[in-house]
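With these hints in hand, go ahead and build the complete structure from the sequences.
This note's numbering puts the first residue of the sequence shown at 4, with every later residue one more than the last.
Mixed in with the good hints, there may be bad ones.
Pairwise CB distance ranges (calculated) [as the list claims (entries may be wrong)]: (1) Arg123 to Lys144: 14 to 20 Å; (2) Ala289 to Asp265: 35 to 41 Å; (3) Glu178 to Asp265: 30 to 36 Å; (4) Gly73 to Ala46: 22 to 28 Å; (5) Ala190 to Asn126: 28 to 34 Å; (6) Gly212 to Asp265: 35 to 41 Å; (7) Asp121 to Gly212: 29 to 35 Å; (8) Leu253 to Leu65: 40 to 46 Å; (9) Asn126 to Ser74: 37 to 43 Å; (10) Asp255 to Val171: 28 to 34 Å.
Quick caveat, the hints were computed from the structure, so don't treat them as lab data. Glycine residues also receive a C-beta, built at the ideal position from the N, C-alpha and C atoms.
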Amino acid sequence: MNYKRFVALTRECCVAGCLLVLVGCSALVDRKVADFGAGFTAAIRDSDDPAMVEQGLPSYLLLLDALVNGSPDKPILWQAASSLNSAYVGAFIHDEARARQINEKAMKYGFKALCLRDQRLCNPRAVSPDDLNVILSSLTKKDAGVLFAAAGAWAGWIQSHADDWNAVADLSRVEMMMRRVIALDDAFEEGMPHLYLGVLATVLTPALGGRPEEGKKHFERAVELSGGKNLVAKVYYAKQYARGVFDRELHDRLLNEVLATDPHARNFTLSNMLAQAEARTLLKSADDFF
Numbered sequence: 004m005n006y007k008r009f010v011a012l013t014r015e016c017c018v019a020g021c022l023l024v025l026v027g028c029s030a031l032v033d034r035k036v037a038d039f040g041a042g043f044t045a046a047i048r049d050s051d052d053p054a055m056v057e058q059g060l061p062s063y064l065l066l067l068d069a070l071v072n073g074s075p076d077k078p079i080l081w082q083a084a085s086s087l088n089s090a091y092v093g094a095f096i097h098d099e100a101r102a103r104q105i106n107e108k109a110m111k112y113g114f115k116a117l118c119l120r121d122q123r124l125c126n127p128r129a130v131s132p133d134d135l136n137v138i139l140s141s142l143t144k145k146d147a148g149v150l151f152a153a154a155g156a157w158a159g160w161i162q163s164h165a166d167d168w169n170a171v172a173d174l175s176r177v178e179m180m181m182r183r184v185i186a187l188d189d190a191f192e193e194g195m196p197h198l199y200l201g202v203l204a205t206v207l208t209p210a211l212g213g214r215p216e217e218g219k220k221h222f223e224r225a226v227e228l229s230g231g232k233n234l235v236a237k238v239y240y241a242k243q244y245a246r247g248v249f250d251r252e253l254h255d256r257l258l259n260e261v262l263a264t265d266p267h268a269r270n271f272t273l274s275n276m277l278a279q280a281e282a283r284t285l286l287k288s289a290d291d292f293f
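The following block contains the structure:
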């Protein structure tokens, strides 16, 4: 099973999903910090200058480190720090050693946020699938944000350890968490959990256990719930499903739609800019693939 493919698959998912979930920063420690957090994260999500975001994010990461150290009992802070670290490494860090380090930090922060919500989830890697299912079933809609953030960070950590079968085995737990988010709120963050599940369902070929038709439904639901704004969903619909079933017509249609769409959309501009770059690359390689 070529789980190495998962390394590239979660990159744009992390950018779109993690930046969206950062809206939780609006509930930070006090009103002034809340206003700053909401404004800053909106600026990141809506930026059409990835280079500027890449240069500016490290300062905000340090700020979040200071906030979690100063208020270690605030799960929303750990959640925000986990999400932003995941988004940063997913979008901008290509050095494998550094990516591992930051993904480790993001997962640690995500698990801390979970632990503050429910002590049974302090180390979900050590929880059996059956027990995890029981714990997840007890969570409520107010837990969807922290659950999504932790699962996204965990997926990023697995991405950095794709050559470790023990890490890869955690994918089933990540999928369980994302499914629970959808059960709690199908429209959460304009369909981002569906995008993750679409990727997870199509990361393998059908012969090795992949579920392309299930993945297709999740990709289509992610596009629908975003009102067509989430261009990352269309890119992965083409890359994972259309290529997986060798549907050249669908592949090219989706990618041309991505390129023809104005990337400027509330909450999605930055991830859309990155998605359009990926769409161009996929179209250029289509003749060699099909």
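Checked hints:
no. : hint                         : result
1   : Arg123 to Lys144: 14 to 20 Å : 18 Å, holds
2   : Ala289 to Asp265: 35 to 41 Å : 23 Å, violated
3   : Glu178 to Asp265: 30 to 36 Å : 33 Å, holds
4   : Gly73 to Ala46: 22 to 28 Å   : 23 Å, holds
5   : Ala190 to Asn126: 28 to 34 Å : 30 Å, holds
6   : Gly212 to Asp265: 35 to 41 Å : 38 Å, holds
7   : Asp121 to Gly212: 29 to 35 Å : 30 Å, holds
8   : Leu253 to Leu65: 40 to 46 Å  : 44 Å, holds
9   : Asn126 to Ser74: 37 to 43 Å  : 22 Å, violated
10  : Asp255 to Val171: 28 to 34 Å : 32 Å, holds
Violated hints, listed in ascending order, are 2 and 9; each of the other numbered hints is respected by the structure.
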